[in-house]
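Asker: In this text, residue positions in the sequence shown follow numbering that gives the first Met the number 0: the first is 0, and each later residue adds one.
These are calculated hints, taken from the structure and not from any lab test.
From a predicted model like this one, the values you see are computed outputs, not experimental measurements.
There's no promise every hint is true.
Stated by the list, open to error - Only pairs whose alpha carbons sit at most 25 Å apart, straight line, appear in this in silico SDA-like list of lysine to any residue: (1) K74 <-> A54; (2) K183 <-> I250; (3) K224 <-> G93; (4) K224 <-> M36; (5) K184 <-> K74; (6) K184 <-> C238.
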Amino acid sequence: MCCKKPKFCYYNLFLSIRSFAGLLNIVKSYNDAGGIMISSILHAIVVILVIGSYAIIFICCDQSTSSFETFVLIKCGKIWQRVSSICIILYTYGLSITFFIIIGDQLDRFLTFAVGEHYCSHWYLDRRVMIIATSMVFVFPLCFSKTMKFLRIPSMFGVLAIIYVVIMVPIQYFLHRPTDVIIKKHPESWTDIFLVLPTMCFCYQAQINAVPVFVSLKTRADCIKATLVSTIILVASYCSVAICGYLTFGITVDHDIL
């Protein structure tokens with residue numbers, strides 16, 4: 000792919016960074032918040048706020064803002080830049096733990112299928128060893144790039160994984176059409192509606208990554224396209240997975256929809 004036309008690659012990168020972990024947990028969040036109706040309303044509110052935050056970022060940023068920290072430094076000053084850096088460190092640390100837990104969960108399922116239920120009897124197939132080995136082989140080498148452009152090819156695998164989940168969950172629902180599923184019509188307590196907010200915010204987090212992506216795109220029109228295209232696809236994906244997944248499993252849904 001020609002480096003002079005990286006737009007589609009950046010769309011993929013934008014999507015894959017923003018999606019997968021939240022996609023697996025959003026069905027459980029719909030149940031915790033009290034059902035489809037109230038969760039969908041909160042979902043819509045979060046989407047509006049997210050689009051507004053991206054609009055502010057790409058209106059204010061320019062070629063001199065190569066990172067989110069630089070953007071905060073220029074617009075808000077050194078004190079808020081330091082506060083922002085601390086928040087980013089804490090946030091990315093927690094985010095990394097989340098993704099490694101997901102990797103471990105999927106490795107457990109794969110090894111159960113490939114080796115058998117007693118694979119843990121081999122020390123080298125232990126969950127902790129496999130997570131470390133996988134991260135060193137597949138994740139650590141990708142951490143040396145100073146720009147987002149390098150990740151445009153690996154991000155394609157993230158997009159493919161998202162497509163798999165988005166297709167699989169609705170198919171599971173429409174093929175089997177469960178009739179004995181118990182679903183919530185309203186929250187058990189008014190405070191339950193706030194249980195969905197962390198997952199919703201996690202689903203659409205990309206403000207840190209948005210600045211280098213927007214700077215890499217040549218015009219503001221490209222920024223608008225990247226934001227709108229990725230957000231529309233994400234909203235459609237989350238809604239289809241959340242609604243179909245909840246109608247399939249109801250109140251018995253697990254934290255990991257897979």
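Asker: Does each hint hold? Answer for all of them.
Answerer: Now for the hints, and whether the structure bears them out:
Between K74 and A54, the direct Cα distance comes to roughly 15 Å. Compliance with the 25 Å bound is thereby established for this hinted pair. For the proposed pair K183 and I250, the alpha carbon gap of about 7 Å is at most 25 Å, so the pair holds. For the hint linking K224 to G93, the alpha-carbon distance of about 30 Å lies beyond 25 Å, and the restraint is violated. At most 25 Å may separate the alpha-carbon atoms for a hinted pair to count; K224 and M36 exceed this at roughly 29 Å.
Using a Cα cut-off of 25 Å, the hinted pair K184 and K74 is violated, with the two alpha carbons roughly 45 Å apart. A C-alpha spacing of about 17 Å is found between K184 and C238, which places the hinted pair at or below 25 Å, so the restraint holds.
Checked against the numbered hints listed earlier, the structure breaks hints 3, 4, 5; every other hint is satisfied.
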